Amino acid sequence: MNATKTTTRIVVDWTACDGRGLCAELLPELVSRDEWGFPLIPDPAVPAALRYHAERAIAACPRLALRLSSA
Amino acid sequence: MTILFGDDVQIDGAVAARGALMGPSPASQRELRTHLATHGAVPALGAHAVVRLAADSGLAGHGGAGFPLHRKLEAVIAARGRAIVVANGAEGEPASAKDRWLLSRRPHLVLDGLQLVARATNATDAYLYLNHRLPVETFSQVLDERRRAGLDPVSVTVVAAPDAFISGEETAVVSHLSGAAALPRFKSPRVTERGVRGRPTLVSNVETLALLALIARRGAGWFRASGTADAPGTMLLTVGGAVRAPGIVEAPHGTPLADVLDLAGGPSTHLQAVLLGGYHGTWLTTDEAAAAKLSRSDLAPLGASPGAGVMVALARGTCALVEMSRVMSYLAQESAGQCGPCLNGLPRIASQLKSIAFQGSTAFQGDRRAVDELLRLGDLVVGRGACHHPDGSMRFLRSGLRVFATEVELHLAGHCSRTSDDVALPLAVTR
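If you're matching them up, the sequences are chains A and B in order. Note that our numbering numbers the first sequence so that position 47 is 113, with each residue one more than the last. Note that our numbering numbers the second sequence so that position 261 is 272, with each residue one more than the last.
Source of the hints: derived by calculation from the structure; they are not laboratory data. Keep in mind that this is a model prediction, so the values were computed, not measured. There is no bait here: all hints are sound.
Facing chain A, according to a computed beta carbon distance under 7 Å, are these residues of chain B, among others:
#1 PHE197
#2 GLN349
#3 CYS350
#4 PRO352
#5 ASN355
#6 GLY396
#7 ALA397
Glycine included, every Cβ here is placed at the ideal spot set by N, Cα and C.
Pulled out of the complex, with its shape left as it was, chain A reads as follows (with noise of 0.2 Å):
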């Protein structure tokens, strides 16, 4: 068993990201714009709960600019 906790974390590709803003939409507990329409997430780490808005967020993205890492 291992001891120590991983923390999952949403993940912005920049370089792929065109501030459509559905994440803020799906995920607005995590997620919301700047004033260029580009998401900004102060707390990447996504709490259990939120699992699956986040990975309904992920597959929503037209620019399939968001993952989720495990580190």
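Here the structure of chain A is known, so what remains is to put chain B in place on it, guided by the hints.
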């Protein structure tokens, strides 16, 4: 052939050595026979021996990030697929010329080092990624001569780096060598795993490779005899601005910054600040610079690092805000334009800084909100890009706002301390 430093100053205008890359004579070693007479041949080392030398010597990268070479080597060795090695001589930083000096005066040390990392990683392809001002043909001739002499078992391709600040960024190098534009890319997976054309790739600064070539001949113990325990060896620096002999110097890690300035002839006038690490670097007050040493651990509390060895001394009488404004406009223009916050934010920051630097009379009437807005915009770009261009640009700006706080107050009140129209910080030739 004349190789230029900046627009008009020759690289060999001034050189001072306290190390083996330059010393004992700064004369050119471009001729293969001069190189061999000075340094001897590279001993025959197995792959494992090269990695051991990199680890035992403590050699870290000289491109700015200071990542240990042996860890990069191990990552490439552990990755699946035939490896590719790259000597990175892009040197996109306008205030830096040390890589150009090294490539034009010590090309064989760099190329020896490239063969050593090729051996260590069992690479089948090698590239020399060359600053846009250096002549590709000359280096192709150098490589032909080496091949005929049997020095290069792995064939090396010379590729010109585009003239851009970020063209030497590791993922930009990999993109360019894969046939795309020299633009940074998303950092996952790492280039050591999937780099040029999807193959495991080692990208190493040319100075790091030249040092490895010396270590292979003289041993890890020799390298550790200079420098500090946590940063062994020497580094090349480009010292510019208000010093008597601007140019390239070599100094051991741990050397007091004041001694580095002295290697470049010492200050030519009273200084108001020192910029360390170039346009992604950190401003230091003269007191801070007088007390600091050229070492990562020493400089960390000041938010600074030796970086890629750029030092610029700023004379009194020069308006630091005007200088910073010119540089921030340049950095905004050098955004690759791929990442929204950088593309949108840096021009806004540059324009806001310009309004403070060049404001007329009492435009702000002492109101600090103009500076607060600058910092707020800065917070919107830091950490929000594929590369560190926004982060580095803001390190430069924020440290300057701290060091030049008095000048900022003057400007907000409608004044400027400038007594000279001299331009202190070099920029790249406008494209």
